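Undergrad: Chains as they are written, first to last, in my numbering: chain Y, 600 to 1127; chain R, 10 to 505; chain F, 311 to 705.
Everything labelled a hint here was simulated from the structure, so no lab data went into it. Computed from a prediction, not measured in an experiment: that's the story for all the values here. Any given hint could turn out to be false.
Unchecked claim - Sample of chain F residues with no beta-carbon within 12 Å of chain R, all distances over it, derived: (1) P319; (2) W333; (3) R377; (4) A403; (5) L433; (6) L435; (7) N436; (8) G439; (9) M440; (10) N512; (11) A522; (12) V591; (13) S598; (14) E678.
As the list claims (entries may be wrong) - Heads up, simulated BS3-like pairs for lysine-lysine below, C-alpha to C-alpha not over 30 Å straight-line: (15) K393(R) - K716(Y); (16) K770(Y) - K168(R); (17) K594(F) - K770(Y); (18) K502(R) - K770(Y).
A virtual CB, placed ideally from N, CA and C, is assigned to each residue, including glycine.
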Amino acid sequence: MTSHTYDAIIIGGGHNGLINAAYLARAGKKVIVLERRPIVGGAAVTEEIFPGFRFTEFSYVVSLLRPEIIRELELPKHGLKILPLPSTFTPMENGDYIAAWDDHDKTRREIYRHSPKDADAYDDYARLMVRMAMAVKPLLSLIPPDLASLSPRDLVGLLKTGLYAASLSEKDLYAVAKLVTQSSGDLLDDWFETDALKGTKSASGIIGTFLGPRSPGTAYVLLHHYMGEIDGAFRAWGFAKNGSGGVTASIASAARALGVEIRTDAPVKQVIVKNGRAVGVALENGDEFHASVVVSAADPKRTFLQFVEPKYFPDEFITQIRNFRVRGSSGKLNLALSELPNFTALPGEGELHRGAVSISPSIDYIERAFDDAKYGQVSRRPYIDIIIPSMIDPEMAPPGQHVMSCFVQYVPYDVEGGWDESKKEAFAENVIATLEQYAPNIRRAIIGKQIITPVDIERIAGITGGNIFHGELLLHQLFFLRPAPQWADFRTPLPGYYLAASGAHPGGGIMGAAGKLSAQEILKDGLR
Amino acid sequence: MNSYDAIIIGAGHNGLTTAAWLAKAGKKVLVLEKRSVVGGACVGNDAALDPAPFSGGFLRPDIVRHLKLTQFGLNPAPVATDLISLLPDSRQLVLSADPVKTAESIAQFSAADAAKWPDFVRFMDKAAATLEAAYATPIPRLPKFSPTEGLPLAQLALKIRGLGARDMYAFIRLLPMSAKEFLDDWFESDALKAAIASLGIHNANLGVMSAGSAYNLLHQYLIRGGWGQPANDLRQVIAALESAAKAFGAEIRTSAEVARVTVENERVSGVLLASGEQNSAGTVLCSADPKRTFLSLVTPEPLDPEFVWQVQTLKMRGVTAMAAAQSAAPLPAGTLIVAPSLNYLERAYDAAKYGQISEKPYLEITTAGNSLSIHFQFAPYFLKNATWNAETRAKLESIVVDTLETRLPNLKSQIHNLKSLTPLDLETAFSLTEGDPHHGQLALDQFFFMRPIPGYASQKTPIAGLYLCGSGVHGGGGVSGIAGRNAAKAVLKGSL
Amino acid sequence: MLRTTPFHPRTSLINQLQNWRRWSGYYTAGLYEMSHEREYWAIRNAAALFDVSPLMKYLIEGPDAARLLDRIVTRDVQKMSIGQVIYTPWCNAEGKVLDDGTVSRLGETTFRMTSADPNLRWLNLNAAGMDVSITDISDQMAALSLQGPKARVILNRCAAKSLDGLKYFRLMENAIAEVPVTISRTGYTGDLGYEIWMEAANALPVWDALMAAGHDYGIAPAGILALDVARVEAGLILIETDYTAAHHALIESQKSSPFELGLGWAVNLEKGPFNGKQALVAEKAHGSEWMFVGLEVDWVGMERLFHEVGLPPQISPLTLRASLPVFKGSAQVGYASSSTWSPVLKKYIALAHVQKPYFEIGTDVLLEVTVEHQRKYAPAKVVKTPFYEPEWKKK
Ligand SMILES: Cc1cc2nc3c(=O)[nH]c(=O)nc-3n(C[C@H](O)[C@H](O)[C@H](O)COP(=O)(O)OP(=O)(O)OC[C@H]3O[C@@H](n4cnc5c(N)ncnc54)[C@H](O)[C@@H]3O)c2cc1C
C-alpha cells in the first residue's frame, strides 16, 4: 500500500473531471486525476475498434463546449479542432427528403419545396430559438441557489437568479417559460406542418431522455441542444478532429501542461472520510491518496451511493439520489464501411455525407419508437442520428473506406428480460433494417460493427444506468434540483467532497460547464 | 338597449359565481346564457338523467361562505366519496378519507405502501393547501410588476418556504413530474400507483408517464377534496348559485346567445346578442373558453396577431367522453375506477396520441341510486381518419359497456337508457371548444402565470374592460368556482 | 446554386463581369457593364430596365381581403380605389416596422402585396377569423421595372394600350408582345417609372419587346448598384440596410417605428384598429425620439479633410451600405445607414437616423468618415428628402 498527498483528487477522467483538474491546477493546486479505464475521456473517447477504423464511440458531435474553456485552457494549442458539420439530411418514407443545408437561401428553397408556410416560419422559429438560447444561457453559468436556505451565499444566488429573470423582456421571459414546459412536439406543431421537418427538429428534444417528443419538458432539451449555436466561437454543430476523443486529448494535454497528474487504470473504490470530512480515496488495489478535497467527476449514483458509506449522508439525501432518474435510453451502432451509404432519395456521394443524416420522418414515428421503449422494448423503428466522421476527418478510416456513427433511440437500459447477445444483435438488426429502407446498400457495405447499449455505456464508460447525461434532463432534475435540492452548487452533504460532472448543474453533453463551475466553487471554499 | 355595470357571458358555475359575487357587491349584473338551462358543464341537457361533462364537484368553502350558499339550499361541506379501483382479479382497492381503513386496503397489495400512506396523505394535504393558496394569488405580469402587485406573490413565496425545505422541494419537484415518477418515489404497488395516478390524467390529454400529470393529480385532489368525487349533486350546487345570484339582484337570461363582445376605441362597450339585441356595459366577463372568447366573440383587429396566435395554439384537445345509464340491479356506492395498472393507463393514453379511441379505457363511474355516470378516457376530439358520428359513437358505447362488464359482471344485461356525450357533443352542446371540459389543458405550459396566455393570468385581457372568468384562467379547471371568484375580486379591485 | 429568375436566359448573356448578387435566394445582377455609370445615367436620362422578379408577391383574395390588409398596414386600404397602388410600411403590435412594400387593389376583393421579406406567416397570423385566401405567387410572377424619363415613350411603343392616362401609383391591365401584363406606375428610383408584372412562363417576350422598343431611346439593362444610388437620391429606405425588421431585431434599439423612419405620412391614425395603432398614437402624442433624415455633406468641408493629408477627395462611386456615426460636437447623435455620391446632384448625401432634437431640418452635424485610415468629421446639414425629384416623376 502506497500513499500520496495532494491538494485535490479528482475521481474520473471524463472531460469534466479533466477540466475541473485543469482549473484547480491553474490556480496553483497540486491535483491528481484517477481514471478507472486505461484511457481518459469517459463518454468522450475515440478508439480503434477495427484496425484502421477509429470510432468516436459514444458522443460524436460537439457544440456545447464552453468557448471560455477553449480559450482559457488554450485547447487549440493542444490540438482541438472543430470541423463544421454543415447540413442535416432527412430521408422520408415516401422516397423524398428534406434537408437543412449550410446556406440560408438554399435551406429556405428546400423547405419551400415542401411547404411555403414552413419556409416562412423557419426563419421566425430560428430567431426565436436564438433569442431563447440567449435568454437561457446565463443560467448555465449561474450557481443554483438553495431556495430554502438563508445563508448569504444562497441569498445572493437567489438574488442573481431573480435579477437574471428580471433582466429578460416580458415576451422573452414568457417564451422561455413556455418553452421549458412544453413538449417539443407541441412546439413544432405550433410552427410547422411538414412531418419530416417536425420529426427532425423534435429529435433534439429527446436526446438522452426517456421521453417521447409528445412529453412536456422535451422542448427544453431541444433548447439545450441549441445553446451552442449562439456562441459564435465555432459553428452550430461540429465534429472534433479525431472524434470526441480528440476533445478529451486536448483537455488532458492542457491539464498536464498545467501540472495535473493523470493516472489511468486507477479505479477508485472508496472515499476516505475522517472526522466527517472527505480526506482521500482508496483504489481497488488498496493504494491510498490523500488530499484536502475529493472531487467526484463520476455520475451522482456512484458518487453518493457507491464511493461513500451511506452513514455520512442524511437519509433524505440518499432517497433523493436514489430517486434521481438515470434511465438510459440511447444506444449506438458504430459501423466500419467499405463504401458510403447511398441514399435513394438523393443518390450518389454528395454534400449530405459531410453532414448529419437523421432518420426522423415524423413526430409520430419518434413517439412510436418511444412507445416501444416505455414498455421495455427496443424501438422497432428507431430514431437514428448518423454522421460519417471519415467524410469530415479522413484520418478516421483507411482511405476509401468509412466509419459511420449511428446514435439510436430508444434503447432502454431496462429491456424486458434483460440484455443478452441475441438482444444486442436484434437491436443492431433493427437499425440496419431501418437504414436499409433509405440506403439499400448499407448491409453489404458493413465490414465491422460495434453495438453499444445503455448497459455497455455503463460497463465501458462507467455511467450508472447508461444515461448519456448522467441523469435525465427532466424539469425536476434541472438547475436547483440537480442532482438534489439544496445540493445543486456542486457541494455535497459531506464536507470536502464535491460533484463536478454531468449529473450536476447545468447537465450533460461535452460542455465542461460543470467541471469549470465546480472548480470555481471549490476554490471559493478554499483548500485546506 | 340596457346598460349594466357588468355583463357576464355564460351561466356555468364560474359565470354564476362571478355574477353572484358582483351582485352581492351591489353591482348591476346581467348574465347571458346560450342554453335554455343554466349550469354549463355541470348540468346535462333536458332530462335530469342526461349526462353532463362533470359528474361531481363542489365550490371552494370560502365561496360557499361568502355567497351564503347554504342559505340557498346548498348541502354544506360534501365529503369525497371512496375511490374504488376495480381490479381484473375482482379485488378492490379502496382509497377513502379514513387513513386507517385505506392503509388496510393497501396492505392487500403492499405492507410497505400501507405504512407510507399516512405520510403521503399528509404531504398531499399540505401540497393541496399550497396549490389552493397559489390559485387565490392574483398573478401580475412578469417580470416587472409593482410592489403592491408583487406583495401577494411574495406572500405565496413565503408560504411555500413555510413548508420547510423538505416539503417545499417536494412540492416544487412534484409539479413538473409525471404521475408515475411522483408515485414511484413513494410506492411499490402498481395497483395503488395506478389508482392514484388516474387523478393525474383525469380530463387531461396526458398519460401517467407524461411530465405534468403529477400536477394534474394534485389539482384533482384539491378540487375533489379527496380521492373520489364529492358526494353531492351538481344540479343542487347550480340551483343554489342561481338562487343566490338572483337574490343579490343579478339578472339571468337563458336562451340568450352572445354573438359578439362590442369594442369601441379599444375598450369594451357591451355585447351584441345573436338576436341582434345590444346591451351595454363597461365591463364584460366572459366565462366561455379563451379560444371561443378571442377567436369568435371578439373581432381580431384590436388584438396583437401574436396574441391571437397564442390563442390559436392553446391546447384544448379534449379526450373525455361521458355516458349516463340506469341499472336495474343495485350499484356499489362511491367512485369506481377502471385503472388497474400504470401501463394500462398509459396504453389508454397512447391511443389518444394517434387519434384513436382507447379500446381499453380508463373509466371513472360515479353512482347515485341506480343511475351511473361514466367518465371515459381517452376519446380524442381529433380522431385520425374518422369523425365523431353515429358509428364512432356506437363504438364508444360498446367499449363502455364491454369494459364495465369486465368489472361489474352481468351489468351489461341490467343497464338501459345509455346516453353518451362524445367530445364533439361537449363542443356542440356545451360550447366546450374541442370538447375540453377544462377550457384549456392543465398542462405545464398552460398553468399559473401562463394560463390561459402568458401575461393574462390575472383575468384581464388585452381589451380594456374584458375579463375572463371561466375555467380557462389561472386556478380554473373542473368544478371549484376559483376562476369565477378570482375574476369577481379582480374586477371589484379595479375601477368598475 | 441560387435560383435564377425567368429573365436569366437574357441577363446571363449580357452580364459582362458575371457580377451576381443575392436577392431573396435569386441571382440578381450587380451591374451589366464594367462600370455601373451608364446604367445610373439611364435611370436619370433615358430608361433603365431592372429585373425585379425576386420581390415577394402575395395574392390576397376574398370578402375580407381589404379588412385583412387594413389590419396589417398603416395606411387606409378600405379607401383604395380599384387600380390604385399604395406604398406602405407595416408594424407589429408595438408599432415597430416589420417590412415595407406596395399594396395594389386589383379588384373589389383582390389585392396584390409586394414585400422585401417573406410575409406569408404574418399574413396568415393576421387572417385568423377572416374569410380570405393568401397565396404566395412570388415564383409564378415575374416583374420588370422600367425607370427613367423615357420609360413612357418606350412603353407606348410596345404596349397594346397607351400609358398616357396612367397616373402616379395607379395600375392598368395591358399587353406587351401579346403577353398579358399588369403595369403599375411605381418604382424605386424616384424618377418616372413603371413596373410590369407578368406570368413567369411568358417573361422573355416581354423583355425582348421592351429592349427592342427602347433601343432608340437609350434603354439600358441595369443592376442593383445603379439602383442603390438612385434610391438614396430619392430618399427611399432599404430593409436590413436602413432599418432592421422588428421581428429580426434582437434588441429593442434595433427596431424603428414608421415615424422614426420618416414614414409618418404613411400612417393613418384615423382609421380603425390596426397593428401597432395604440403604440403609434402614443408615439405621435409624445413625439418620436429618432427621425430618419437626409444629410447633405458640405463638399468644401469634405474636400478639406482630404486636402489636410495632401490628397484629392477620394469618394467611391458606389453607395455605402454601412453605418457611419453622426455627431453633434463630440456627442454621437445618430448614424447614417446609406450614403452615396450623387452623380446628378454632385453632392455627397446620406440617409441617417438622428436623435431628437438634432433631426430638425437645417441642423448642422458632423458625419464620421475615414480619410487615409483616420477618423475625420465632415460637416453636414440635415435636409429634406428626396434629394432629387424631377418634375416629370408624378406628371
Ligand atoms: C452514446 C452517447 C452519445 C453521446 N453523444 C453526445 C454528443 O454527440 N454530443 C455531446 O455533446 N454529448 C454527447 N453525449 C454526452 C456526453 O458525452 C457526456 O454527457 C459527457 O461526455 C460526460 O462527461 P463527464 O465528464 O461529465 O462524465 P464522463 O465522461 O462519464 O466521465 C466520468 C468518468 O468517470 C470514470 N469513473 C467512473 N467510476 C470511476 C471510479 N470508480 N474510479 C475512477 N474513475 C471512475 C469513468 O470511467 C469516466 O471516465 C453522449 C453520450 C453518450 C453515452
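Undergrad: Now tell me, hint by hint, if it's right for this structure.
TA: Each hint tested on the structure:
| no. | hint | verdict |
| --- | --- | --- |
| 1 | P319 | 41 Å, holds |
| 2 | W333 | 27 Å, holds |
| 3 | R377 | 8 Å, violated |
| 4 | A403 | 3 Å, violated |
| 5 | L433 | 10 Å, violated |
| 6 | L435 | 4 Å, violated |
| 7 | N436 | 5 Å, violated |
| 8 | G439 | 5 Å, violated |
| 9 | M440 | 7 Å, violated |
| 10 | N512 | 36 Å, holds |
| 11 | A522 | 47 Å, holds |
| 12 | V591 | 10 Å, violated |
| 13 | S598 | 21 Å, holds |
| 14 | E678 | 36 Å, holds |
| 15 | K393(R) - K716(Y) | 23 Å, holds |
| 16 | K770(Y) - K168(R) | 28 Å, holds |
| 17 | K594(F) - K770(Y) | 24 Å, holds |
| 18 | K502(R) - K770(Y) | 26 Å, holds |
Violation of the numbered hints given earlier is confined to hints 3, 4, 5, 6, 7, 8, 9, 12; the remaining hints are satisfied by the structure.
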